[in-house]
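Trainee: Could you put together the complete structure from these sequences and hints?
The lines below spell out each chain.
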Amino acid sequence: MNAGIVVVGASAAGLTAAETLRHEGHSGPITVVGDEPHAPYDRPPLSKQVLQGTWEPGKTALRQPDALSGLGIDWLLGTSATGLDAGTRKLTLSDGRVLGCDGVVLATGVTPRRLRDGHELAGVHVLRTLDDAMALRAALLAATSVVVVGAGFLGAEVAAVARGLGREVTVVDPLAAPMIRQFGAEIGGLLADLHTGHGVRVRCGTGVSGLTGAHGRVTHVELDDGSRIPADVVLVAIGSVPAVGWLDGSGLALGDGIECDEFCVAADGVVAAGDVASWRDPELGRVRVEHRMNATEQGRAAAKSLLGDRTPYRPLAYFWTDQYDVKVQAYGVTGAELDFAVVAGEPAAGRFAALYGADGRVVGAVTWNLPREARTLRRFVAERTAWRTALSAA
Amino acid sequence: MKVIVDQDRCVGAGQCVLAAPEVFDQRDSDGIVVLLTEDVPAGSEEDVREAARICPALAIELSEP
Chain S
1 MNAGIVVVGA
11 SAAGLTAAET
21 LRHEGHSGPI
31 TVVGDEPHAP
41 YDRPPLSKQV
51 LQGTWEPGKT
61 ALRQPDALSG
71 LGIDWLLGTS
81 ATGLDAGTRK
91 LTLSDGRVLG
101 CDGVVLATGV
111 TPRRLRDGHE
121 LAGVHVLRTL
131 DDAMALRAAL
141 LAATSVVVVG
151 AGFLGAEVAA
161 VARGLGREVT
171 VVDPLAAPMI
181 RQFGAEIGGL
191 LADLHTGHGV
201 RVRCGTGVSG
211 LTGAHGRVTH
221 VELDDGSRIP
231 ADVVLVAIGS
241 VPAVGWLDGS
251 GLALGDGIEC
261 DEFCVAADGV
271 VAAGDVASWR
281 DPELGRVRVE
291 HRMNATEQGR
301 AAAKSLLGDR
311 TPYRPLAYFW
321 TDQYDVKVQA
331 YGVTGAELDF
341 AVVAGEPAAG
351 RFAALYGADG
361 RVVGAVTWNL
371 PREARTLRRF
381 VAERTAWRTA
391 LSAA
Chain H
1 MKVIVDQDRC
11 VGAGQCVLAA
21 PEVFDQRDSD
31 GIVVLLTEDV
41 PAGSEEDVRE
51 AARICPALAI
61 ELSEP
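Sequence lines, in order, name chains S and H. Residues in the first sequence are numbered from 1 upward in steps of one, following UniProt numbering. Residues in the second sequence are numbered from 1 upward in steps of one, following UniProt numbering.
It is worth saying that the hints were derived from the structure and are not from the lab. Computed from a predicted model, the values in this text were never measured in an experiment. One or more of the hints may lead you astray.
[Claimed, not checked] Computed, partial: chain H to chain S, Cβ under 10 Å: (1) Ile4; (2) Asp8; (3) Gly12; (4) Asp30.
For glycine and all other residues, C-beta sits at the position ideal for the given N, C-alpha and C.
Mentor: The following block contains the structure:
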């Protein structure tokens, strides 16, 4: 392959793919198309340091300007892709241009879900982009009462930051505890206690039925149990959907994301990476991961695959969340339906590590303020150690 | 080859220690990266490049001679 490759998406996965193409010897043209006006930046700090105000927004830049310009890449920022014909690899852009290419990397990420009712009111926010983060920060600084809808990664982190900024904060989630889907009931309960201990009102086990407003501004969040919470700022953090609407009619298989094989290949000469990619894993079936490490790892894997590498993509997922002074880190598969056992430290002491198991094997590990232990336990996850063996060895 | 780490950026993922344990370690308390040596030992260059590439916080910078 020595002609042009176009990377659609200029965030972590797209940037990594473009860099990998260069490092792995692709000397032909590379174009990166990104719908945001910003040079590639990092998203995890948006719900942490950027929202807190401890980082200037510029610190999220994924590369220095000279490193970006040194790659010999044509950057089309502030431009979105509006269509693709996967068979002929013709890409249509929002400015009307049509790019023909030898290879395409699709890394368009995800779009936040919106509430069905009342989302259009002023004061209602989502958080995905740097601009979203700056708008939310400005709103939080002026707010009295903040309601966070959804207690997943994003909602829990934003609740912690908003509370740290001195706001009255309520978190609402239909499940029984924060992040229960991600980490299970034990850690969910600890997170509920953590937030409550910091003065956040945790309203778990009830959903949001709607938002009410006055003069176009949100004033209250209505809950399924009939209660009303006053709110001048609402963050809607109820998950995301893969940004694949523009690929309707492309000829690609679109399910929960762009469906790829185990080599990240969606069609001949078309690969996908990052939050938007749903790849096939021989054991786990279809996998789509919205974690930061996956963007880097899959960006590399997809680029190499496009250049002919035939290594199946089988990452060991790593992810983390920072809330107040707690760092939770995890490897592999974690969640509510799995076996769970604390293997080091004490939850009551605020430092511990635990394993998740299924079918007699270790499938995941989590640590709570025990970062070095995460690396130790990773081995059990990577080796899918027998549950009993791991419990006695850990 | 020299390594510089940015402890303010570091998120304590420990991926660098997995990639190049001869160069990186983590603090016990919070997992923040600790540099065992600024000068990359001969033979570890590729491990350290890998560590810089996979760091989820972009906290590792290399200066190649």
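Trainee: Evaluate each hint against the coordinates.
Mentor: Hints, one by one, checked against the model:
1. Ile4: violated, 13 Å
2. Asp8: holds, 9 Å
3. Gly12: holds, 4 Å
4. Asp30: holds, 6 Å
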